[in-house]
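Undergrad: Residue-level listing of the chains:
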Amino acid sequence: MTQTITPEVVPERAAGASIGETTDLLVSPRRVRSRGARVRNVLLAIWLPIALLVIWWFASASSTSPFFPPLSRILEEFWAQWIVGPASMQLGSSLRNLALGYLGGALIGIVFGTLLWRFPPVRHVSNPLIYFLYVLPAPALLPAMIALFGIGELRQIALISFGAIWPTLLNTLDGMRGLDQVKFDTARAMKLSPLRQLFSLVLPGASPQIAAGLRASLQTSIILMVVTEMVAAKQGIGYFILQAQTVFAITSMWTGILMLAIIGTAANYLFVGVERIVLRWYYRSRALTNS
Amino acid sequence: MTIPSPESENTMSNLTVPTPAASSPSTPSHPSDAGEVLRVENLRKIYNEGKPHAKTAIDDVSFTVNKGEFVCIVGPSGAGKTTLLRCISGLAKPSSGSLSFEGRPLTSVPEQLGLVFQDYGRSLYPWFTNAKNVGLPLAARGMKKAERAERVSQVLKNVGLGHVEKQYPWELSGGMQQRVAIARALSYQPDLLLMDEPFASVDAQTRFDLEDLILTVRRDLGITVVLVTHDIDEAIYLSDRIVVLSGSPSRVREVVDVPLGDHREQVATRASDEFLGLRRHLLDLVMPHSA
Chain C
1 MTQTITPEVV PERAAGASIG ETTDLLVSPR RVRSRGARVR NVLLAIWLPI ALLVIWWFAS
61 ASSTSPFFPP LSRILEEFWA QWIVGPASMQ LGSSLRNLAL GYLGGALIGI VFGTLLWRFP
121 PVRHVSNPLI YFLYVLPAPA LLPAMIALFG IGELRQIALI SFGAIWPTLL NTLDGMRGLD
181 QVKFDTARAM KLSPLRQLFS LVLPGASPQI AAGLRASLQT SIILMVVTEM VAAKQGIGYF
241 ILQAQTVFAI TSMWTGILML AIIGTAANYL FVGVERIVLR WYYRSRALTN S
Chain B
292 MTIPSPESEN TMSNLTVPTP AASSPSTPSH PSDAGEVLRV ENLRKIYNEG KPHAKTAIDD
352 VSFTVNKGEF VCIVGPSGAG KTTLLRCISG LAKPSSGSLS FEGRPLTSVP EQLGLVFQDY
412 GRSLYPWFTN AKNVGLPLAA RGMKKAERAE RVSQVLKNVG LGHVEKQYPW ELSGGMQQRV
472 AIARALSYQP DLLLMDEPFA SVDAQTRFDL EDLILTVRRD LGITVVLVTH DIDEAIYLSD
532 RIVVLSGSPS RVREVVDVPL GDHREQVATR ASDEFLGLRR HLLDLVMPHS A
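Protein chains in written order, with the working numbering: chain C, 1 to 291; chain B, 292 to 582.
Keep in mind the hints are simulated off the structure, nothing from the lab.
Small disclaimer: the values here were computed from a predicted structure and weren't measured.
Worth double-checking, as some hints may not be accurate.
Below, in silico cross-link-like pairs of lysine-lysine (BS3-like), each with a Cα-Cα straight-line distance of 25 Å or less [said to hold, decoys possible]:
1. 423/B to 435/B
2. 183/C to 457/B
3. 191/C to 342/B
4. 342/B to 358/B
5. 448/B to 191/C
6. 436/B to 457/B
7. 191/C to 457/B
8. 191/C to 436/B
9. 358/B to 384/B
10. 384/B to 183/C
11. 183/C to 423/B
12. 436/B to 183/C
13. 191/C to 435/B
14. 191/C to 423/B
15. 384/B to 342/B
16. 358/B to 191/C
Facing chain C, according to a computed beta carbon distance under 8 Å, are these residues of chain B, among others [to be verified]:
17. 380
18. 408
19. 414
20. 416
All residues carry an ideal CB built from backbone N, CA and C; glycine is no exception.
Could you build all of it, start to finish, from the sequences and the hints given here?
TA: Here it is as structure tokens:
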């Protein structure tokens with residue numbers, strides 16, 4: 001990695017220091033990666049998916065199997081169903097449930113993770129319970145959720161939330177427990193109030209691990225979104241896929257699956273994009289210490 | 292220049308110092324009646340008190356620090372220097388004895404105390420820019436944003452740093468990071484600056500720079516400094532007085548006056564006869580054969 005020394009920011013010398021040259025060099029990581037290298041990285045990442053799509057296109061072009069229609073037909077159907085057609089309503093319902101469920105679960109996870117970190121006695125008492133709930137496969141709770149919330153959307157949101165809580169909660173707790181004691185000593189020396197400690201030290205310090213938890217929660221949420229839509233639901237992408245399969249509209253079914261793949265990929269990229277901005281300090285400092 | 296004699300076996304310090312304080316006209320003029328900043332009386336610290344694996348880290352330590360003084364605490368490694376500093380700063384509770392800061396009993400970290408830790412990598416918050424790090428104790432004290440920004444750039448200038456406000460600590464060299472940590476401790480204009488081996492994590496050249504920096508800062512701001520170090524040369528170079536601790540569990544072996552005057556230079560001062568005499572005397576005190 002190239003490290004650029006920017007001479008204009010070399011500090012003023014302390015009075016009396018006279019031996020040799022300054023040892024204080026400034027390392028700027030901003031120009032570590034050139035533009036060309038970034039383009040190359042993007043190309044490296046997307047050539048395989050594109051190649052596979054091309055192969056799929058040509059291999060399925062003359063397919064007469066009702067189960068594997070040509071890609072061209074799937075795409076036509078996709079346009080007719082999801083872009084201009086009636087299925088776009090299903091999309092709205094799914095995305096709303098996903099967003100509400102995920103955000104609710106993530107918030108609960110961070111808040112309760114923080115509380116468990118802050119109050120160790122509560123942590124010790126609730127530890128077995130948390131792991132018990134954590135290992136419980138969330139779909140198994142569907143019947144219970146139906147009994148509790150009926151078959152409406154509230155049940156779907158509740159189940160997505162329930163699944164999303166645990167990865168975030170456990171990672172929040174873990175990240176906070178791993179904080180350096182010296183940073184807390186520093187906070188006490190600076191006279192930071194408990195609230196200021198939370199927002200200036202505890203949350204930002206644990207944020208890389210909280211982000212890891214949030215990412216795992218997002219994946220869980222997407223899975224649960226589909227699962228809840230496949231059982232006793234009247235709308236949503238999962239419902240659409242299941243319906244299409246039951247009426248033997250295989251091409252439609254494939255478009256639903258394609259839609260799910262797109263949602264999953266988009267959500268993941270969106271997440272990574274936000275993470276890159278919020279945790280810029282983390283990735284850049286790590287890149288610097290590893291170079 | 293009267294030395295408050297510690298309750299220790301050998302307090303005949305002045306007789307063994309090559310140039311007694313009385314005969315030195317260049318003795319810094321910090322009259323002891325200018326006010327007492329810190330008083331430590333019969334401090335004792337036992338870890339795991341009352342348990343079978345109890346360990347006495349500090350046996351009996353007493354000394355006082357007057358306003359404007361530079362006092363170093365030295366001792367063999369493992370002498371409980373850091374423990375002593377943690378007690379003095381209010382981060383740790385002593386097992387017995389009394390501590391007072393500016394005449395008031397010390398129970399928690401005082402508002403007017405600045406603390407600098409050995410490892411800047413652990414004490415600075417990498418998720419904040421340098422400006423935000425330095426401004427954190429100011430924000431905690433309710434200072435307005437505009438005033439804060441002004442104070443931050445002023446104090447960064449005090450420690451010989453140019454425009455590093457927008458950068459992150461980890462973008463700077465080790466010596467510059469420790470300067471940021473010092474600036475942070477100085478930002479709220481404390482009466483006493485406590486430093487725990489502050490120059491132990493930087494290379495020799497930077498170390499000299501930082502030693503001179505802290506002397507300059509002390510002269511410019513008229514601040515009282517207590518610095519813990521294992522480096523005898525550093526202690527002589529910096530202090531007006533040196534508190535020499537015995538090996539574990541620590542007691543005050545001797546309090547040594549350092550009549551080297553206000554103006555010190557790395558090369559000339561360290562080569563002077565007074566310096567070498569003091570050095571021999573202190574080595575005698577700290578080396579194991581005299582235990």
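Undergrad: Hints broken by the structure, by number, lowest first?
TA: Hints 3 and 4 are the ones this structure does not satisfy, whereas the remaining hints hold.
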